Amino acid sequence: MTTMYVSQENTFYWWDYADYHNYAILVTDTFRSSVGEGWKFVRETLTQQKNALHVVPLLPFLIIGGNSRLAYILGIALTYFLPFSLAMGAIASSIVPTSIDRCDKNVLQPASQLSFWIAAFLTLLVPLSWVPLLRGYPDVGGVMLLGWASWLYLRNPRLSKIWQIVAMGSLLGLSILFRRHFAYGAISILVAAWLSQFSVKAWQQWLTLSLRLAAVALVSFVVLAGVAWEFTIRAMTTDYVSRYAVWSLPVSDIFWRIVSGYGWGFLIVALAGWILQIWHLQNSENYRNWLFVAIAGTVAMAISILKLRYGNLHYTLHLTPWFVLGCIGWIGAMQRRRLVLSLTGLYLFVNCSLGLGDVPQRSIFFFAKSHPPIERHDTIDLRRSIDRFRELTTPEDSIFVIGASNEFNALMLMDGEFEMYGDDRRLNFLPVPILDGNISPVDTLLLADWVVLATPLQVIQPGDEQIVRSNSQNVVKVMFEAFSENWEITRDFQKIPESFQLDNGVVLSLYQRIRETSEKVEEQTRSSVRATLDFLKSDDSP
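Sequential numbering from 1 applies to the sequence shown in the working numbering.
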């Protein structure tokens with residue numbers, strides 16, 4: 001599956017799709033040169049926002065596979081995704097009260113190995129289990145750790161063993177260290193464990209459990225602080241919600257992205273599974289286990305849809321485990337389980353095939369939205385443009401790229417040059433602001449010796465996979481307007497006759513600086529940029 005999907009891709013990767021793989025290559029090359037230097041590099045990254053711990057288990061794949069994209073994705077699939085699917089099987093075998101293939105749901109028997117393998121297999125049939133890793137995100141490793149932490153809890157919900165508290169807390173802490181946003185996943189699990197065991201009659205036992213859950217949280221903190229103290233303090237004191245507000249979409253947008261990503265059919269089955277199991281097992285030992293699943297899933301949905309509202313694909317991993325367990329609950333609650341299992345499995349197989357295949361967007365969302373292999377038809381033209389830029393510029397020349405969409409952006413050129421020339425890269429791309437913030441695009445433009453202008457205007461579109469809130473790229477719009485409308489500062493540049501035609505009508509034009517910008521023109525430009533930005537923000541405001 002992984003090999004077939006990745007082998008069909010033909011593109012220069014960009015932003016997140018390139019960053020994680022390139023980071024893994026950097027770590028691998030450091031280990032290649034010196035194991036000691038490699039471990040030193042990994043330790044140093046523990047103070048950063050993104051550390052390199054997740055790359056260490058992938059090293060054999062990258063070393064053997066020569067840092068290839070396929071080796072990287074295969075490494076994630078085998079190292080993290082496969083154990084995640086097994087964790088789902090282990091959880092299912094802990095909470096399914098009857099054998100999946102029995103017809104009498106009122107007769108409780110120990111869960112069989114069948115429920116384990118069904119859950120593990122159904123996990124593999126959810127397209128959003130696959131898509132994040134196929135796009136290069138390693139985040140499935142974090143949800144794998146959360147899955148095994150949940151299994152440890154469900155084995156003994158009273159947490160009566162010290163080793164269980166230590167192990168569960170360690171897994172939760174490591175998941176946060178793996179990727180910071182899994183702190184929300186850990187919160188979902190702890191809240192669900194606390195609420196699902198609430199009982200007025202047995203309040204003393206519930207109070208004891210509350211203290212034990214607090215101990216789990218303490219262990220998580222100790223693990224985090226012990227391994228990465230600076231990271232932990234920064235995570236606790238930084239307002240990341242405000243910092244990443246530009247990635248936070250409207251509630252309605254996030255809701256429909258989740259619906260289209262999973263498909264209405266899958267979500268209906270999953271939610272029905274939670275409800276049916278809780279309803280049928282009210283007087284059963286497994287009632288509180290299913291209550292844990294439903295609460296954890298509900299809290300995860302509330303955080304994803306109401307609080308964070310991040311649209312990028314890897315954030316759906318917070319929801320996938322609980323939806324998969326809901327499907328297991330749906331099957332287990334039915335009278336004719338074999339028939340329901342067959343029909344559900346058939347639907348999930350079709351849903352996964354459509355979700356990973358290249359099919360037209362449907363007007364209804366009963367099936368998952370398509371996330372096909374990324375394939376460009378203009379890679380030859382992109383390569384030609386990179387070669388031409390290398391011919392025209394020197395390593396000392398600074399290049400300003402105006403255009404930041406999922407169709408074209410500066411990182412595509414950077415990744416393309418790296419793929420073509422490796423360490424012999426010469427193009428010097430300026431760190432251009434592509435999202436509104438405190439950095440003025442004028443400061444960057446003044447440093448530019450060359451400008452690459454993409455027309456028509458290239459900004460992120462609402463339906464894109466890598467998404468930001470609308471009205472967040474006015475800095476790109478204003479620079480595009482400056483060159484499109486021939487502002488005074490653009491007269492300091494001369495347009496090269498040659499241009500490059502890319503997919504979807506995108507045209508790249510190249511401008512060379514012919515004189516320095518005067519102080520008068522600089523001040524005029526700053527004033528025009530401020531006025532245009534104010535107009536764009538007011539024009540797009542509700």
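Honestly, the hints are just simulated from the structure, not real lab data. Among the clues, some could well be false.
[Claimed, not checked] In silico DSS-like cross-links for lysine-lysine, where the CA-CA straight-line distance does not exceed 30 Å:
1. Lys-520 with Lys-495
2. Lys-477 with Lys-537
3. Lys-40 with Lys-50
4. Lys-520 with Lys-477
5. Lys-201 with Lys-161
6. Lys-50 with Lys-307
7. Lys-477 with Lys-495
8. Lys-307 with Lys-537
9. Lys-537 with Lys-520
10. Lys-307 with Lys-477
[Claimed, not checked] Restraint-style ranges between C-beta atoms, simulated for each label pair:
11. Ile-514 with Leu-82: 56 to 64 Å
12. Trp-279 with Ser-470: 14 to 22 Å
13. Met-4 with Trp-117: 22 to 30 Å
14. Arg-338 with Asp-381: 53 to 61 Å
15. Ala-302 with Glu-523: 47 to 55 Å
16. Pro-373 with Ser-210: 28 to 36 Å
17. Asn-438 with Trp-194: 52 to 60 Å
Being a predicted model, the structure only gives us computed values, none of them experimental. Cβ atoms here follow ideal geometry from the backbone N, Cα and C, with glycine treated the same way.
Of the hints stated earlier, which fail here?
Violated hints: 12, 16, 17; rest satisfied.
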